[in-house]
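Chains A and B supply the protein sequences, listed in that same order. 37 is the number of the first residue of the first sequence in my numbering; add one for each residue after it. 19 is the number of the first residue of the second sequence in my numbering; add one for each residue after it.
Check before you lean on any hint, since a few could be wrong.
Claimed, not checked - Computed Cβ-Cβ distance ranges for the label pairs, DEER-style: (1) A:A150 x B:S25: 26 to 32 Å; (2) B:I78 x A:E112: 41 to 47 Å; (3) B:Q68 x A:Q152: 16 to 22 Å; (4) A:Y75 x B:S98: 18 to 24 Å; (5) B:D56 x A:A150: 19 to 25 Å; (6) A:K104 x B:Y28: 21 to 27 Å; (7) B:V70 x A:E51: 29 to 35 Å; (8) B:Q68 x A:G45: 29 to 35 Å.
To be clear, the hints were calculated from the coordinates, so they are not data collected in a lab. Yeah, the Cβ is synthetic: ideal placement off N, Cα and C, and Gly gets one too.
For reference, the chains in residue letters:
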Amino acid sequence: GDSVTQMEGPVTLSEEAFLTINCTYTATGYPSLFWYVQYPGEGLQLLLKATKADDKGSNKGFEATYRKETTSFHLEKGSVQVSDSAVYFCALSALGNYGGATNKLIFGTGTLLAVQP
Amino acid sequence: DGGITQSPKYLFRKEGQNVTLSCEQNLNHDAMYWYRQDPGQGLRLIYYSQIVNDFQKGDIAEGYSVSREKKESFPLTVTSAQKNPTAFYLCASSIGGYQPQHFGDGTRLSIL
Chain A
37 GDSVTQMEGP
47 VTLSEEAFLT
57 INCTYTATGY
67 PSLFWYVQYP
77 GEGLQLLLKA
87 TKADDKGSNK
97 GFEATYRKET
107 TSFHLEKGSV
117 QVSDSAVYFC
127 ALSALGNYGG
137 ATNKLIFGTG
147 TLLAVQP
Chain B
19 DGGITQSPKY
29 LFRKEGQNVT
39 LSCEQNLNHD
49 AMYWYRQDPG
59 QGLRLIYYSQ
69 IVNDFQKGDI
79 AEGYSVSREK
89 KESFPLTVTS
99 AQKNPTAFYL
109 CASSIGGYQP
119 QHFGDGTRLS
129 IL
C-alpha cells in the first residue's frame, strides 16, 4: 500500500543553519505531496504542496521539489529561525480505485525540529 | 475568519463511558476527517466523510463512531469499546480531490 517515510528526529540546529528533512514515498500513480507543520499543542498547518512531478512547493522560505524518479519530497530551508521549531509531517494524497483521489492523506511519522539561538 | 473549531480542548473519560468530541467548520467544505495522533507516530485516519449523511471507516475505526447530519459538523464518539483512547484527536476538512486538508487545534483525551 501507499506509505511515507521521513527521517527520524529530533533534528537540532543552530539559528541560520541549513535545514533538510528527508521524505520518500511509495504510491501507485501520481499522488499529490504535502508538508504540514505542527507547533506545540496545536493542529497541523499546511506548509507547502506539489501536485505533479518536478513541481516545487514553497512557503515562508521552505521549499520541496516533487521528484518522481527518486520518489522523494525533501523539505529544505536555507536559514532556520528559532520560530521554526516544530514537528514537520510529510504526507501524500491516497488514490482510490481507477486513480481517482479519495481525499485520504497518508502521513509520515513526523520530524521534530529544534532550533537553538 | 473561516476555520475549524474543535471542542473541548481537553477531555477526560472515566472507564466505561462514551465521550463525544465536537468538530465544526465554516469553510463550506464537503469532506471532513478524524485523525488520532499518538506520541512519536504520524496521524492515523479514524473516519472520513465526503458528503452529508455518508461516511467511511478509516484505518482504525474500531471503538469509534461518527455522524454527518450537517455539512458543517462531524462529531466523533469514543465508545467504551475503545480500550486505549488516550490520544490527541484532530479534525480536518477539505474541498475534496487533491486539495489540502485544513485542521482544527485538536482535543486531548485522557482517561481518569
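Hint-by-hint comparison with the structure:
1. A:A150 x B:S25: 26 to 32 Å: holds, 30 Å
2. B:I78 x A:E112: 41 to 47 Å: violated, 32 Å
3. B:Q68 x A:Q152: 16 to 22 Å: violated, 44 Å
4. A:Y75 x B:S98: 18 to 24 Å: violated, 33 Å
5. B:D56 x A:A150: 19 to 25 Å: holds, 20 Å
6. A:K104 x B:Y28: 21 to 27 Å: For A:K104 and B:Y28 the Cβ distance comes to about 43 Å; the hint is violated.
7. B:V70 x A:E51: 29 to 35 Å: violated, 48 Å
8. B:Q68 x A:G45: 29 to 35 Å: holds, 33 Å
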